[in-house]
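**Q** With chain A fixed as given, assemble chain B onto it according to the hints.
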Amino acid sequence: MTVESLEQIKARAEAAVPGSEIDIVHNPGPSRQSSLLIDNEHALAVARFLRIDPGLRLDFCSNVTGVDWLDRTVKKTVKVKKVIDGVEKEVDETQAELFPGYLEAVYHLYSMTHKHGPVIIRMRTADRADGARLPSLTPTWRSAEFQEREIFDLYGIRFDGHPDLRRILMWDEFVDHPMRKDYREPDDYEYEPTPHDDVLERAKQHYTARPQLDGAENIIAQE
Amino acid sequence: MSGQIDEGLRSELQRQGIWVTSMQDLYNWGRRSSIWPLQFGLACCAIEMIATAASRYDLARFGGEIFRPSPRQADLMIVAGTVTKKMAPQIVRLYNQMPDPKYVISMGACAISGGPFKQGYNVLKGIDRYIPVDVYIPGCPPRPEALLHAFMELQRKIDEQKLTGVGRAEHLNAAQPSEFPVPAFGAHDLEPPANPDVFEPPKIDRT
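Chains A and B supply the protein sequences, listed in that same order. Every position in the first sequence, counted from 1, becomes a number in my numbering once 28 is added. Every position in the second sequence, counted from 1, becomes a number in my numbering once 21 is added.
Isolated chain B, as found in the complex:
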């Protein structure tokens, strides 16, 4: 474990040409350097996502350029755009079909909270109602730099994940769910309107 190696000793050894590492570091380095996103976009945020993957911003520098058309081959779901209530069950279904370990970036105001359409009759008030989200990016839409930043934040998060012990990564903990119930279409709204295991509405008191 990296925690058991003295950092000073490690850098001293490295200076002498001996490179010491741990399984955890190797494992996380491998995972964070090849995050394959799921290839789908929902609204204008998707255009920024496409720009991020293209040559000018070049997501390939971070190992995320291989957008997969199948959830079975994807590690990362970038929820890029407005999630309508009609689309939400499909998003949850796609998330369930992704193999562990899997991560979610909620991109833009709509995916976070419904954004400007929050009070509309057809827009989900945030994808975090049904699936756990790792990184939120505000913006309408966020610039490609913001998505790159979110990607780097996610890499940092992966780097810090432990393989064993109490705080170990979710996919290594059998007790942690990796699939979440798909909401059903109701008469006016999705049923249930949120998954209470994942989401708790923020409470605020006003007078």
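Here chain A stands alone, though its shape is the one from the complex:
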């Protein structure tokens, strides 16, 4: 990690780029790698700051990846005051809150100069629509070029300002984005020697039912 804490980086970046809003996304997992969530409008300026700031000098973008967050509903039990039979009572009520889904791009930054890192930054799209947009950080880190293409290919995020945004792994004629969680591949099941889990469920739809010829179906439990 860097000498500075994420809070300090956030404060200095927000001071350096007026109008920018940076949130800290905490990671409760074992890695404890928290990250900075940068608003899309000022992302390029913040990225530029992270790169050229003498204290940080995050000059190496080692990894860019995408994340697909589906719509999720969080159910909460809330105590609500209700009038029942003329008497006011506190009643438990389940409320469901819908968080709309979004796509995320995550950048892992290191400094070759100061030998520190990673500082992780993220950007979020407004929704999961096919043309969801984010600003490209390729102008700041050249190594992000292919990886942003990969995110575009597999998740469908369009990066504004990318020099050459084309599919990189799938062929150009391919439609859809296979790393999205709701991607359904074509049902081309043929034969699987050891089907299990999802594959087993899919395989079952293709099985031809075999008549029960072993007599087991005729056995009746003795009273």
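Rather than coming from a laboratory, the hints here were simulated on the basis of the structure. Think of the CB as a built atom: it goes at the ideal place given N, C-alpha and C, for glycine as much as any other residue. Treat each hint with caution, since some may be false.
[Claimed, not checked] Derived DSSO-like pairs (lysine-lysine); straight-line CA-CA distance at most 27 angstroms: (1) A:Lys209 x B:Lys139; (2) A:Lys143 x A:Lys38; (3) B:Lys139 x B:Lys107; (4) A:Lys117 x A:Lys107; (5) B:Lys107 x A:Lys209; (6) A:Lys103 x A:Lys209; (7) A:Lys232 x B:Lys139.
[Unchecked claim] Some residues of chain A that are not near chain B, with every Cβ distance over 10 angstroms (derived): (8) Gly83; (9) Asp120; (10) Lys209.
[Unchecked claim] Ranges between beta-carbon positions, derived for each pair: (11) A:Val227 x B:Ala196: 37 to 43 angstroms; (12) B:Pro213 x A:Thr93: 30 to 36 angstroms; (13) A:Glu121 x B:Pro213: 54 to 60 angstroms; (14) B:Pro202 x A:Asp51: 51 to 57 angstroms; (15) B:Arg89 x A:Trp199: 25 to 31 angstroms; (16) A:Tyr219 x B:Gly188: 27 to 33 angstroms; (17) B:Gln118 x A:Ile52: 56 to 62 angstroms; (18) A:Val227 x B:Arg189: 38 to 44 angstroms; (19) A:Ala124 x B:Ala205: 45 to 51 angstroms; (20) B:Trp40 x A:Val227: 55 to 61 angstroms.
**A** Then chain B, alone, in the frame of chain A:
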């Protein structure tokens, strides 16, 4: 024809210093002793293929050391590794560009069936969907000995090929196709997903 020479008579003549052979034997001996593979690898199987060709395992002992960078000069295609759907049309195209007689070794689980990536969105479920395969080697990846074994099996297969008659070698039969249609990139999969002339999916009933 070798079938017309009595084996006992032949060995008796050989003992006397007279060596009798047939056109078919000579022809097949020449072909099986200088199989030039096409030089390309697709994944980790290619590393084992390289080891097979290098000094420790030494494919040269079997006449297969001359890896050709051009399909026009190659006799054998070793499909060494995962065939992605993006790569498959190029493999078929390379196969079509190879002159007859030509052979294919499907090396490793991926080239046979897609292997661990079979249910993935981008991996072809076996190269035998588009081109005929002569020898399959299981393994992930197969050891160089396995590739040598496959090579020897192929040599045995060539040795048994006839020059004339009903069961003659494919390249001597004008009715046998030597080129196969190149699949096109579709919206989700290759089109067609398999060539029905070459490939029939195995059928199994389960309850």
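**Q** With respect to the beta-carbon atoms only, verify the hint that tyrosine 219 of chain A and glycine 188 of chain B lie 27 to 33 angstroms apart.
**A** holds, 29 angstroms
**Q** Mind checking the hinted window 25 to 31 angstroms against the Cβ distance between arginine 89 of chain B and tryptophan 199 of chain A?
**A** At 28 angstroms between Cβs, range holds.
**Q** Does the Cβ pair glutamate 121 of chain A, proline 213 of chain B satisfy 54 to 60 angstroms?
**A** At roughly 56 angstroms between Cβ atoms, proline 213 of chain B and glutamate 121 of chain A fall inside 54 to 60 angstroms, so the hint holds.
**Q** Just to be sure I understand the hint, the distance between the Cβ atoms of tryptophan 40 of chain B and valine 227 of chain A should be within 55 to 61 angstroms; is that true here?
**A** Taking Cβ atoms as reference, tryptophan 40 of chain B and valine 227 of chain A lie about 59 angstroms apart, which means the hint holds.
**Q** Proline 213 of chain B and threonine 93 of chain A, beta-carbon distance inside 30 to 36 angstroms?
**A** holds, 34 angstroms
**Q** Mind checking the alpha carbons of lysine 232 of chain A and lysine 139 of chain B for me, to see if they're no more than 27 angstroms apart?
**A** Roughly 17 angstroms between the alpha carbons, so the hint for lysine 232 of chain A and lysine 139 of chain B holds.
**Q** Given the proposed pairing of lysine 139 of chain B with lysine 107 of chain B, does the C-alpha separation stay at or below 27 angstroms?
**A** Given pair lysine 139 of chain B, lysine 107 of chain B holds - Cα atoms ~15 angstroms apart, limit 27 angstroms.
**Q** Assuming the hint says 37 to 43 angstroms, is it satisfied by the Cβ distance from valine 227 of chain A to alanine 196 of chain B or not?
**A** Because 40 angstroms falls inside the window, the suggested range holds.
**Q** Range hint 51 to 57 angstroms: satisfied by the CB atoms of proline 202 of chain B and aspartate 51 of chain A?
**A** holds, 54 angstroms
**Q** Regarding the pair lysine 103 of chain A and lysine 209 of chain A, is the alpha-carbon distance no greater than 27 angstroms?
**A** holds, 22 angstroms
**Q** Take the C-beta atom of valine 227 of chain A and the C-beta atom of arginine 189 of chain B, compute their distance, and say whether it sits inside 38 to 44 angstroms.
**A** For arginine 189 of chain B against valine 227 of chain A, whose Cβ atoms are near 43 angstroms apart, the range 38 to 44 angstroms holds.
**Q** Is 45 to 51 angstroms respected by the C-beta to C-beta distance linking alanine 124 of chain A and alanine 205 of chain B?
**A** Taking Cβ atoms as reference, alanine 124 of chain A and alanine 205 of chain B lie about 47 angstroms apart, which means the hint holds.
Violated hints: none; the structure is consistent with every hint.
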